[in-house]
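Engineer: Okay, here's what each chain looks like letter by letter:
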Amino acid sequence: KQEVTQIPAALSVPEGENLVLNCSFTDSAIYNLQWFRQDPGKGLTSLLLIQSSQREQTSGRLNASLDKSSGRSTLYIAASQPGDSATYLCAVSKAGGSYIPTFGRGTSLIVHP
Amino acid sequence: EAGVVQSPRYKIIEKKQPVAFWCNPISGHNTLYWYLQNLGQGPELLIRYENEEAVDDSQLPKDRFSAERLKGVDSTLKIQPAELGDSAVYLCASSLEGYEQFFGPGTRLTVL
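As you go down the protein sequences, you meet chains G and L in turn. Under the numbering used here, think of the first position of the first sequence as 1, with each following residue one higher. Under the numbering used here, think of the first position of the second sequence as 114, with each following residue one higher.
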């Protein structure tokens, strides 16, 4: 059974810092990995999707990398802003056509001015 | 283009009452997911549809939960009867095949 772990569970940083959020998974037979953000009381917003054949994806100040062999993905946030405050979740979908996603518990991020 | 639509946004009921949630996915998305999210946890898959077929419902408590996706578009998730432990956020998501998932705002259920 796939297990997804996100470290750290919570993070509080001053504005402007560069951040690294970690996601690890136990089964490397994945189809894709997706990063989301979730604001309090809201649904999930897709940030980046990495297919299993890819090594990284970038969108604006966000960069996500994938290392299947080590079962890890990192989300890099450059020049953090207070508006980045949210919970960040990663989800790993299993290979083989079933597309069953397994989520981590998330990293709760606070960026203070 | 409209995103995933869910209703209601909030629902408060007494235990043993029935409740239903509705989801309309993004147009053209053939795959629809229902998730349950407890506070401080990631979403857990309840059921996944490909078109109108439920292809994975192993996590759905079938004694009290049911779901349907008639015509392969919108979907309804029902709980009957609701229990205190069902209080959670119910999320709906859709995707084209198993590609990028897009989520709705969720329905927050409180069972008293």
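Honestly, the hints are just simulated from the structure, not real lab data. Possibly wrong hints are sitting among the right ones.
[As the list claims (entries may be wrong)] Derived DEER-like restraints, expressed as beta-carbon distance ranges: (1) L:Glu166 to G:Gly41: 40 to 46 Å; (2) G:Lys1 to L:Gly153: 19 to 25 Å; (3) L:Lys184 to G:Lys1: 30 to 36 Å; (4) L:Lys129 to G:Ala10: 34 to 40 Å.
[As the list claims (entries may be wrong)] Straight-line C-alpha distance at most 20 Å; calculated EDC-like pairs for lysine to aspartate or glutamate: (5) G:Lys1 to L:Glu196; (6) G:Lys1 to L:Asp169; (7) G:Lys42 to L:Glu157; (8) L:Lys128 to L:Asp170.
Model, not experiment: these values are computed from the prediction. C-beta atoms are modelled at their ideal positions from N, C-alpha and C, and glycine is treated no differently.
Engineer: Does each hint fit the structure? Answer for all of them.
Structural biologist: Now for the hints, and whether the structure bears them out:
1. L:Glu166 to G:Gly41: 40 to 46 Å: violated (32 Å)
2. G:Lys1 to L:Gly153: 19 to 25 Å: Between Lys1 (chain G) and Gly153 (chain L), where Cβ atoms are some 21 Å apart, the hint holds.
3. L:Lys184 to G:Lys1: 30 to 36 Å: The hinted range 30 to 36 Å holds for Lys184 (chain L) and Lys1 (chain G), with Cβ atoms some 34 Å apart.
4. L:Lys129 to G:Ala10: 34 to 40 Å: holds (37 Å)
5. G:Lys1 to L:Glu196: violated (28 Å)
6. G:Lys1 to L:Asp169: holds (15 Å)
7. G:Lys42 to L:Glu157: Holds, at roughly 16 Å.
8. L:Lys128 to L:Asp170: violated (24 Å)
In the structure shown, a violation is registered for the earlier hints numbered 1, 5, 8, in ascending order.
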